[in-house]
Amino acid sequence: MGEYEKIFRASVEDPEAFWLRAADAIDWYVSPTTAIDSSNPPFYRWFSDGELNVAHNALDRHVDAGRGDQAALIYDSPVTGTKRTYTYRQLRDEVATFAGVLHGLGVGKGDRVVIYMPMVPEAAIAMLACARIGAVHSVVFGGFAPKELAIRIDDAAPSVIVSASCGIEGKRIIEYKPLLDKAIELSEHKPGKRVILARPQAEAAMGEDDIDWAEAMAAATPVDPVPVKSTDPLYVLYTSGTTGKPKGVVRDNGGYAVALNWTMPNVYAVGAGEAMFTASDVGWVVGHSYIVYGPLLAGATTVLYEGKPVGTPDAGQFWRVIAEHGIKSMFTAPTAFRAIKKEDPKGEHLADYNLSKLEYLYLAGERLDPETYRWASDLLSIPVIDHWWQTETGWPIVANPAGIELLPIKPGSPTKPLPGWDVQVVDADGRPVEAGTDGAIVVKLPMPPGSLPTLWNDDERFVESYLSAFPGRYLTGDGGHLDADGYLFVMGRTDDVINVAGHRLSTGTMEEVLATHPAVAECAVIGVADKLKGQIPRGFVVLKAGVDADEEAITAELVQMVRDQVGAVAALRDVAIVAALPKTRSGKILRKTMRSIADGREEPVPSTIDDASVLDSLRPVLRRS
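If you use UniProt numbering, the sequence shown corresponds to residues 1 to 625, in order.
To be clear, the hints were calculated from the coordinates, so they are not data collected in a lab. Be careful, since some hints might not be right.
When the alpha-carbon atoms are kept at most 20 Å apart in a straight line, the in silico DMTMM-like pairs for lysine to aspartate or glutamate are as follows [to be verified]: (1) Lys109 - Asp49; (2) Lys83 - Asp429; (3) Lys583 - Asp550; (4) Lys147 - Asp93; (5) Lys444 - Glu464; (6) Lys416 - Glu13; (7) Lys193 - Asp154; (8) Lys531 - Glu343; (9) Lys229 - Asp24; (10) Lys147 - Asp181; (11) Lys592 - Glu603; (12) Lys357 - Asp378; (13) Lys308 - Glu169; (14) Lys83 - Asp314; (15) Lys416 - Asp438; (16) Lys328 - Asp483; (17) Lys342 - Glu371; (18) Lys410 - Asp485; (19) Lys592 - Glu602; (20) Lys416 - Asp478; (21) Lys109 - Asp224; (22) Lys544 - Glu512; (23) Lys229 - Glu51; (24) Lys444 - Glu5; (25) Lys416 - Asp483; (26) Lys245 - Asp459; (27) Lys592 - Asp616; (28) Lys245 - Glu512; (29) Lys592 - Asp427; (30) Lys229 - Asp49; (31) Lys190 - Asp314; (32) Lys583 - Asp564; (33) Lys444 - Asp429; (34) Lys6 - Asp422; (35) Lys245 - Asp564; (36) Lys416 - Asp429; (37) Lys6 - Glu405; (38) Lys147 - Glu175; (39) Lys245 - Glu188.
Values in this document were obtained by computation on a predicted structure and should not be read as measured data.
Sequences and hints are given; from them, build the entire structure.
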């Protein structure tokens with residue numbers, strides 16, 4: 001039996017002992033005596049009698065241990081030509097001071113703070129400052145459209161919002177303040193104050209409720225960490241829901257800290273003093289877990305990168321960051337490597353940099369296609385590790401645990417379940433299927449620490465969305481199969497949430513926007529396979545009878561509407577006007593069938609179809625690349 005097998009068995013046979021041992025690596029004000037509280041299933045709680053502070057664990061304890069002068073966070077911004085290094089002591093002091101800013105604005109334990117920031121150090125500082133005082137942060141991807149931001153403001157009901165004058169997307173400067181002002185205008189909940197970081201690329205028009213970041217920091221008194229219960233929420237992070245209304249994933253303090261601290265050496269092979277580069281954004285779960293919290297909990301050095309894999313200024317920027325900062329493990333999405341491959345197919349930029357310290361490349365956020373795996377593997381000559389997880393889980397479900405034992409790699413598979421994750425593939429009746437047979441991927445309850453305990457203010461939706469389909473098991477929403485060796489192959493989403501460059505987006509939200517156009521009678525948005533981004537949305541609209549308008553003008557308006565109301569990240573640029581949409585006799589649009597045809601598969605006519613001629617007439621449009 002290999003080391004991985006021993007550890008995995010220990011985690012599922014005696015999770016109580018396994019996770020209490022893992023909890024010993026964290027500083028507690030009150031140490032937990034039990035790992036899991038199963039008194040109220042399916043609402044399991046981890047380390048419920050323990051008290052801690054995550055910001056203390058991420059910063060103060062490393063300073064106290066004598067490593068205050070070690071680099072904690074490196075800000076590398078090719079779009080502004082800026083590089084800045086914060087030691088653990090400097091980062092702790094900045095966080096303590098901004099925690100004082102929030103405290104001075106009346107923010108306390110349990111209060112919410114929305115963070116709407118670009119990829120700058122102040123975003124991480126704001127997150128950690130909230131954790132320091134027991135406030136709950138909710139980071140919204142910088143540049144998200146006002147309507148979507150307003151929905152999140154209404155749901156989280158923040159006391160304070162932290163933002164910046166602008167963000168930089170490639171070569172474009174996006175002013176955040178007008179977007180924030182519009183979102184607050186649209187929202188029913190009106191937050192108190194807004195702390196605005198002034199950036200030289202754009203000046204923000206400040207109102208009476210706006211406070212300048214630098215001025216507030218200069219006047220603030222640093223505060224100490226506040227003990228919170230393990231089960232208290234650390235943050236709320238919104239993920240797309242199939243209804244169009246986002247779901248507020250709750251992350252607790254204790255379970256998350258223990259789980260992330262365990263993953264750093266065991267999954268990512270990164271320990272204290274070593275460097276990790278995660279090319280993501282703090283607006284997404286990857287940024288939360290492996291730009292901010294995970295590396296800092298482990299005492300590692302983390303890189304916060306403001307730029308793109310290509311175009312800022314070239315396809316060699318990732319290699320430059322790795323070489324300059326001595327990166328051991330890198331984590332990004334397959335989309336990034338597809339973009340690099342498109343710009344530099346022979347990897348010629350690599351010759352300009354020394355990547356001798358890079359030992360592992362981790363890819364996640366969407367399915368890693370074998371072609372991209374082989375290209376990256378051949379180019380770098382190191383293990384390229386696909387791994388699979390979700391916003392809801394907080395850390396990987398399935399991965400090759402390089403820090404424990406590097407298992408044989410099978411292209412197309414993220415390898416095997418990590419300790420604590422009892423992964424099963426089941427049929428429609430919840431029965432486990434044979435090896436190699438596709439089905440719904442589920443996880444047996446209770447899930448390990450760090451995974452979501454519920455949704456923000458919505459226990460009912462938590463159960464309905466994730467636990468009702470197969471009682472006693474969490475529905476991942478992904479389909480796939482386990483092979484004879486226990487390797488999982490994730491084949492794609494089973495719902496209508498699509499994955500665009502690692503970002504999960506609801507097609508339902510886009511449909512809601514298209515449907516508001518006065519000329520549109522009905523519409524459908526599907527995600528189709530894309531070599532670069534994994535999936536891209538394509539829209540199909542049926543115009544109202546009697547509409548006499550320029551079709552090109554209408555499609556341009558529809559594209560712009562989605563951009564304005566969902567955001568540029570939606571990447572909806574293709575809207576086709578069609579005579580009719582294929583439907584079942586009960587009136588349900590056959591989105592799955594449309595998606596299959598668009599992806600190039602020979603899809604038979606469903607038996608439930610109302611009018612087969614509609615599907616036949618649509619096939620040429622669907623097959624157009």
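Right, here's what the structure says about each hint:
no.	hint	verdict
1	Lys109 - Asp49	18 Å, holds
2	Lys83 - Asp429	55 Å, violated
3	Lys583 - Asp550	27 Å, violated
4	Lys147 - Asp93	35 Å, violated
5	Lys444 - Glu464	16 Å, holds
6	Lys416 - Glu13	17 Å, holds
7	Lys193 - Asp154	15 Å, holds
8	Lys531 - Glu343	13 Å, holds
9	Lys229 - Asp24	16 Å, holds
10	Lys147 - Asp181	11 Å, holds
11	Lys592 - Glu603	10 Å, holds
12	Lys357 - Asp378	17 Å, holds
13	Lys308 - Glu169	8 Å, holds
14	Lys83 - Asp314	17 Å, holds
15	Lys416 - Asp438	16 Å, holds
16	Lys328 - Asp483	31 Å, violated
17	Lys342 - Glu371	13 Å, holds
18	Lys410 - Asp485	11 Å, holds
19	Lys592 - Glu602	13 Å, holds
20	Lys416 - Asp478	16 Å, holds
21	Lys109 - Asp224	13 Å, holds
22	Lys544 - Glu512	16 Å, holds
23	Lys229 - Glu51	4 Å, holds
24	Lys444 - Glu5	18 Å, holds
25	Lys416 - Asp483	10 Å, holds
26	Lys245 - Asp459	15 Å, holds
27	Lys592 - Asp616	15 Å, holds
28	Lys245 - Glu512	11 Å, holds
29	Lys592 - Asp427	18 Å, holds
30	Lys229 - Asp49	7 Å, holds
31	Lys190 - Asp314	42 Å, violated
32	Lys583 - Asp564	29 Å, violated
33	Lys444 - Asp429	15 Å, holds
34	Lys6 - Asp422	15 Å, holds
35	Lys245 - Asp564	17 Å, holds
36	Lys416 - Asp429	24 Å, violated
37	Lys6 - Glu405	11 Å, holds
38	Lys147 - Glu175	16 Å, holds
39	Lys245 - Glu188	16 Å, holds
When the structure is compared with the earlier hints, violations turn up for hints 2, 3, 4, 16, 31, 32, 36 and for no others.
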